[in-house]
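A.B. asks: Top to bottom, those sequences are chains A and B. Sequential numbering from 1 applies to the first sequence in the working numbering. Sequential numbering from 1001 applies to the second sequence in the working numbering.
A portion of the hints provided could be inaccurate.
[Said to hold, decoys possible] From the structure, some residues in chain B lie toward chain A, with a derived Cβ separation under 10 Å:
hint	residue
1	V1002
2	L1005
3	I1006
4	I1037
5	D1110
6	L1119
7	M1133
8	P1155
9	S1167
Keep in mind that the hints were calculated from the coordinates and are not lab data. Glycine included, C-beta positions come from ideal geometry on N, C-alpha and C.
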Amino acid sequence: MVQTILSSIRKDFRVEFRGRYAINVSVAFAFITTLSISFATGGTAIRPAIQAIFLWVILFFSAMNSLSHVFTREEEESTALFLRLHSSAETVFLSKLLYNMAVFMFLEMLIVPLCVFFLSITVIQPVQFTITMLAGGIAITSATTIIAAIVSQSGGRGSLFTILSFPVTLPVLWVTIDATTRSITSGLIFSWNSVLFLGAFSMALLIVSYLLFPVIWDEG
Amino acid sequence: MVYTLIMSIFYVLMPVSIVLAFLWAPPAEILGETSRILYFHVPVAWVAVLAFVISGISSLLYLWDRNNRFFILELKAYHAARMGLVFCVITVITGSMWAKASWGSYWNWDPRQSSIMVLFLIYVAYFSLYSAMRENSRRDVLASAYLVFAMVTVPFLVFVIPRIYPSLHPDPIINAQRKINMDPAMQLTLIFSMISFTLFFLYLYTLQLRAAILQRRIEERHHEKL
Chain A
1 MVQTILSSIR KDFRVEFRGR YAINVSVAFA FITTLSISFA TGGTAIRPAI QAIFLWVILF
61 FSAMNSLSHV FTREEEESTA LFLRLHSSAE TVFLSKLLYN MAVFMFLEML IVPLCVFFLS
121 ITVIQPVQFT ITMLAGGIAI TSATTIIAAI VSQSGGRGSL FTILSFPVTL PVLWVTIDAT
181 TRSITSGLIF SWNSVLFLGA FSMALLIVSY LLFPVIWDEG
Chain B
1001 MVYTLIMSIF YVLMPVSIVL AFLWAPPAEI LGETSRILYF HVPVAWVAVL AFVISGISSL
1061 LYLWDRNNRF FILELKAYHA ARMGLVFCVI TVITGSMWAK ASWGSYWNWD PRQSSIMVLF
1121 LIYVAYFSLY SAMRENSRRD VLASAYLVFA MVTVPFLVFV IPRIYPSLHP DPIINAQRKI
1181 NMDPAMQLTL IFSMISFTLF FLYLYTLQLR AAILQRRIEE RHHEKL
């Protein structure tokens, strides 16, 4: 199973980086929005709370295209049937989930330095900041992978994915923005409850997604 | 039979609850007469959560029940979600009225206000998904899967988030000691009101299901004639 998951992730990366459509769109979106915000604020000092909001909103909307692409690509290129015959639903789900997590981490590695540079974010508590970014990324991908599968099966496209994902990821954004604010503001105490919440939320959604995926994936 | 029973008890209990809420229960200390909205706001919030849980459980049974042993589970899930959304709106409206009277503005981004709004958006998204799949033969399966997924977020939004962040909500019902620090008369009125609104929900829900079953039968007859 592990071998199949790894080969499936390798395949997804190869296919993605051959065309680079989804990643290119996400990176371009991140660059444009970060520069637009920096340009619009024109050197005005932005409060840490607002910086944290900008950072997570840019991350969320940049990732939206890439996260849904993992399943819609299989349907568009008519490879979903082959994938159904070749791998079990559980394997497909785990490989797509891990691929989405890797993509989100990749986007974080690009977007966080970009925001730190252009929005003048000063990280006061680097360990807490890094843990928040990781926990937030895992929570968002845990919430959106199953939604991407539902949207790809429903015949819906990008806008439907955002409409379905945004409310489910709102609690995550809410908690991560607060935790990020605390890690970039001097004098504020970091709350580990936020990380605990993100862990519990991810775990609950992952378990239910893992159990639901075969029903969504295997056509009745 | 069940429908008649629910209807009869509801017709007795609801007027009693209204009388108790406005005439018998004393006004709360500090909050005054505005506290009477408690007997309507808390029950509708409870009913909204109950409806979402019913929609999630019905969806779960629908996905599990491959041999169609249970009747119209997909319709039960859909209508429960619809009712939950309506009660969610009523919760937001009654909460906002009370917030205006107590805190000075209709919307304060209190954790409980925000979490009920997020819950509302999650179920609005469900109806977007449902309507986007009008021609899709797998609509019931996919929509049910989404409802089960949505149900998992409910405890986090209703119980966890409001406890992580400081809330402006009154302490007697929601507190760290997990005790109801409330006048016995107020407590009894609230219990009456909770039961009445639960019956009100069940009454409307069964009515909607009966209408939906009739509509399905008419459509089937129409198809048979064609």
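A.B. asks: Run every hint past the structure and note whether it holds.
C.D. replies: Against the structure, the hints come out as follows:
no.	hint	in the structure
1	V1002	violated, 30 Å
2	L1005	violated, 35 Å
3	I1006	violated, 31 Å
4	I1037	violated, 26 Å
5	D1110	violated, 13 Å
6	L1119	holds, 8 Å
7	M1133	holds, 5 Å
8	P1155	holds, 8 Å
9	S1167	violated, 14 Å
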